Amino acid sequence: MNTLQVIFTTVLNMSITASFVAIGVIIARLMLKKVPKFFSYALWSAVLIRLIFPVSFTFNFSFLSVIKPGTQQATGALAYVPYNMGLMQTPGIDVGIVGINKAVNSSLPQAVQTASVNPMQIVMAILSLGWVVGVALFVIYSVISYLKVIKNVKTATLVRDEIFETDRISTPFVCGFIKPKIYIPTDISQSELPYILAHERVHIKRLDYLIKPFAFLVLSVHWFNPLMWLSFFLMSKDLEMSCDESVLKQFGDETRANYSQSLLALATGKRQLLSGSPLAFGESNTKARIENVLNYKKPPFWVVVVALTVTFALVILFTANPKNDLLSTNSVYSGYQIESLMANKTPYVGDNSKVVALIDAMPLPVGVVRDSVKLQTSNKPYSITIRYTVKDSEEAVGSAFSNRNAILILSLVKNVDVINSEIFYSPDENIASFSLSDTYTRERAEQLMGGDVRNYSSNTDTLITLIDRLNSLWNNEGNGKVLNENQIEKYLTTIMSSPQISSNPQDYIKAHENEYNAILALDHKALTYLFSEFEKGDQNGLKGQIMMNLCRTILGDEDDEDIKSAITIPQDWYDTYKDHMQSMVNENGIDWVHSNEIDKG
Amino acid sequence: MEQYKLFDAEHKFVSLIWENEPVNSTELVKLCLEKLGWKKSTTYTVLRKLCERGILKNEGAVVASLVKREEVQKYESETLIEKAFNGSLPQFLTAFLDGKKLTTKDAAALKIIIEQAIK
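Sequences listed follow chains A and B, in order.
Under the working numbering, the first residue of the first sequence carries the number 1, and numbering increases by one thereafter.
Under the working numbering, the first residue of the second sequence carries the number 1, and numbering increases by one thereafter.
Hint data in this document are derived by calculation from the structure and do not stem from the laboratory.
Some hints here could point you the wrong way.
Stated by the list, open to error - Straight-line Cα separation of at most 20 Å, EDC-like style, residue types lysine to aspartate or glutamate; simulated pairs:
(1) A:LYS151 / B:GLU10
(2) B:LYS49 / A:ASP167
(3) B:LYS74 / B:GLU19
(4) B:LYS5 / A:ASP187
(5) B:LYS83 / A:ASP187
(6) A:LYS154 / B:GLU10
(7) A:LYS151 / B:GLU19
(8) B:LYS12 / A:ASP167
(9) B:LYS39 / B:ASP8
(10) B:LYS83 / A:ASP167
(11) A:LYS298 / A:ASP351
(12) A:LYS345 / A:GLU245
(13) A:LYS34 / A:GLU162
(14) A:LYS543 / A:GLU513
(15) A:LYS148 / A:ASP161
(16) B:LYS35 / A:GLU162
(17) B:LYS12 / A:ASP461
(18) A:LYS179 / B:ASP8
(19) A:LYS287 / A:ASP167
(20) A:LYS380 / A:ASP461
(21) B:LYS39 / A:ASP167
(22) B:LYS5 / A:ASP461
(23) A:LYS181 / B:GLU19
(24) B:LYS30 / A:ASP161
(25) A:LYS298 / A:ASP253
(26) B:LYS39 / A:GLU245
(27) A:LYS181 / B:ASP8
(28) B:LYS30 / A:GLU162
(29) B:LYS39 / A:ASP351
(30) B:LYS12 / A:ASP161
(31) A:LYS148 / B:ASP8
(32) A:LYS148 / B:GLU10
(33) B:LYS12 / B:GLU82
(34) A:LYS249 / A:ASP161
(35) A:LYS543 / A:ASP507
(36) B:LYS40 / A:GLU162
(37) A:LYS154 / B:GLU34
(38) B:LYS5 / B:GLU82
Only a predicted model underlies this, so the values are computations on that prediction, with no experimental measurement involved.
Work out the full structure: start from the sequences and follow the hints.
Next comes the structure, spelled out in structure tokens:
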């Protein structure tokens, strides 16, 4: 998935969250109808915040807990549309409303086994491209309209202070970003001028000349969302009305009639296309604004206090993310987010958001990240393929964690048959990247655990029992001694398995480079086991040859010249090496060897 | 005649020149900044446009008008009478004088103007 699609998915998720909030604001506006419009205007800040920030804080009370949005990621971002949408067998979204989920998900294309590309991936690519082109068009449109306005008022002449007049405009407005100026038509009547100037000065004082263009820029990014267009329109209306109210407060209620007269006189008549600039005095909404002006009464103090409190509380409510099980810390057991695991337990492997949530509720060793999750749900055996990527891990990473996770998934997802784990290593520039894969079928898991693993998922206690058992099976640390020994032995067996006709150990190593490199990646940790195998003696077969190759590669410079010389029989090499080390210890003491040579321990 | 049609800003600009001509262009820039709030570039753009239209001239950084104030006034009043009073001067005067009393001085001046116009 490329960056563009990641950004588009982020925008899409922000847009969906903002839509819920916008609906909330629209409802709240109805309740705040009687109080000054400033409060309605302030409420829109919640929508704006949701449109800009993909992540938010969590709070016990959130408007969104009513909707229960799909997945909340550990980063604090809400995801209705999963980031790996294009790679899913059965792509699907979860916006928290069953009807919409069904309608959207049924229209999404399923992956086709024979096709080289998942059709959903193509759809996502086209959509994100269309989105970015749309954003560009809206931005270009805004810039051109702004430049047109600038050109028109360039020759406006100074009246006084920051007020300029010109006969090229029909309605007064504020324009400019750094030093905003008020532009008025030359034919404006002197009786209207004081109101108009007062109105425009309120705009300047409130920084509306910055807020509105910014809001339009944000709208351009979310242009595909009709609810955001409605929000922008309503926000502009609230902004103008609260500005009108502020003027009335200055001049006193008795000016209401005159002020309405001015509004009417300057009504632009033609409805301007919604645009970020300029802030026109007579814009649209004249009728609603006149009604608002005529009905305006200075509110009593207590109303202002209550409205302020309510507005503040609502903005918090709208911008907070619901406290999610995923994020509560008290339910973590041995790195597993127990409550999240139980909450996302599912009978169907096709429920991708739950499956992904399950996987993400399981711990990963340091330096390992979960990459893609692919679901195969079109025909039996149903499978989940999880890809992990090892990035600059200090410790050698075994597959213990993926084994534990695989069995847990088999326990929590009722109808899944196979879990494939792919661990992709890219240790450093010296060692080529390679991947290891392992497959757990339900049968294999049942054999290992001695029964149906699904029984463990009936409640929290049994799940913890399962985790305990898994931890004892594979060392909790994920790269402990037992694990390494099992792992190395397994790799060696694989390497020795083919090609059987050859007697050259190099041919075997070449045929299984992945496994060979995996042992090398364990570095000195592998030596412990390899040496213990040599200790058993008589390692002169193929295994001995491979082990000698491994040891000498890992030891590198530490493999002394005199030992290297012409020794090709593995057991002889080891014995010579051991003697050499022993003599080093005798000569210089064990501490010297520890600091200068390898640690055999 | 169309060339005399001036926008509000242009009219103010040309008025400045009528009052101060001949004026050094550097001086004019200062004047425009003070009276019209214009930037240097705006002043030069408008100046260039009006020179192209034959209303002003800019020779050796000295700006002067090619069209007199009276000519522009003539054009403007004619356009107004044509547009609002169907080209009828009596209609215009009636509307202009509606309810107002002329001073004897103004009336005498008008009389001379009318007599000269008939000759």
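Would you pick out the hints that fail for this structure and give their numbers low to high?
7, 11, 12, 13, 15, 17, 18, 19, 20, 22, 23, 26, 29, 33 and 34
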